[in-house]
Amino acid sequence: ERRYFHPLAQLLMVGVNQCFLTGDLFNLFVGFEIMLMASYGLLSIGGSRRQMGQAYKYLVLNLVASTVFVISAGLVYGMLGTLNLADLARIVNGRVASGEGLPTGFVAVSVLLLFVFGAKGAMFPLWFWLPDTYHTPPVAVAALFSGLLTKVGVYAVARTFPLVFAVGEARDVVIPLLVVSAGVTMFLGVLGAVSQHNVRRILAIHVISQVGYMVFGLSMMTTAGLAGALYYMVQHMVVKSSLFLCCGVMERHTGSDDLDKVGGLLKRDTFLGVSFFVAAMSLVGLPPLSGFFGKLVLIREGWGIHWWLSVIALLTGALTLLSMLKVWTTGFWLPPGSETSTPTGEPGGLRGAYVGIGFLVITALFIGLAAEPIYDIAFHAGEQLTDPTVYIEAVDPHGLVASLGGSG
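Residue numbers (the working numbering): 1 to 408.
Heads up, a few of these hints could be off.
Claimed, not checked - Cβ-Cβ distance ranges computed for the label pairs, FRET-style: (1) Gly304 / Pro125: 26 to 36 Å; (2) Val111 / Glu383: 20 to 30 Å; (3) Trp308 / Phe271: 37 to 47 Å.
Please keep in mind that the hints were generated in silico from the structure rather than gathered at the bench.
In this text, a Cβ means the ideal position worked out from N, Cα and C, and glycines have one as well.
Whole structure, please, built from the sequences with the hints as guidance.
As structure tokens, this is what we get:
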């Protein structure tokens, strides 16, 4: 079944890129569906009973979310006559500015879309599918998923809500939902990770916790907040994928990712130990690594808007440090425990994994050391998201969409 990995991974990338590049709500739905088909195929590689059960849970939730998405898109088209984001931004913000107000039911549609994107992004309370979904498949699939799947859901919120669905009366409903989701996702996510003793499950639950930081940035609906969320999203894609690959090499060395059955890996594989430590500390947010700058922007901007979320973010960072040190000291620094597992591979067969880990760790270091120019790009994107006129002029300077009445 491994021969299916590469075509399915390419199909997944098609869906991800469609979601990232489209300026149309229906095309965003199509991108989500392409992702769903590819990801379900990837989850089935290996075919164990437990793995298929978790894939089924993931599939059912996403089918429900997709159904709600297409219904919501139909309602938006019925209300406003278009699904093009530039045109929607022009119409919705124009109605609010003129005092006309939003169409009846528009706020409810905004909440429905937040449910859809929250399910895709593993935001509270729709995160229950993620730990087992990322824990059971082959590590290459888990690394790919951890870097991409949840980020598409978060990106969809950033792409659509500041421009269209968190405007006027909808803003008063959406912002509190995002604030609560951010705080609970960050804190309960990291508590779940601290309580685990299995490396891959720790990393999987940490994905939930880190999504909370991104939602924290989105909940501010400011240029700096959105820029911080986008920067943090990019660096997290790289860092989390590298950590899952490190976990895969650990499993090949020891035959397990249970912390009771591993140990002493730093002496056995120094490259793996150093790479895991750098990626883990970037996840924690230690300077000058990439996670530090992202968290600094979010906490500093959030202090004057939702100060208690900034406190939760700091506490979450401390607990993230605790859980990552538990993994590194037990798995790499201390000698192996009394329980041992049978190795599943030889170091000679891991060259590809080492290349991938090295590339991702170097990229994470670059993102941290070159934080200012990368953040400038994210800040420019945040300006487009918070000022609809900037976005409209960038993609539709002559009002062609409005004149055609199109949804493309």
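Evaluated hints:
no.: 1; hint: Gly304 / Pro125: 26 to 36 Å; result: 28 Å, holds
no.: 2; hint: Val111 / Glu383: 20 to 30 Å; result: 27 Å, holds
no.: 3; hint: Trp308 / Phe271: 37 to 47 Å; result: 41 Å, holds
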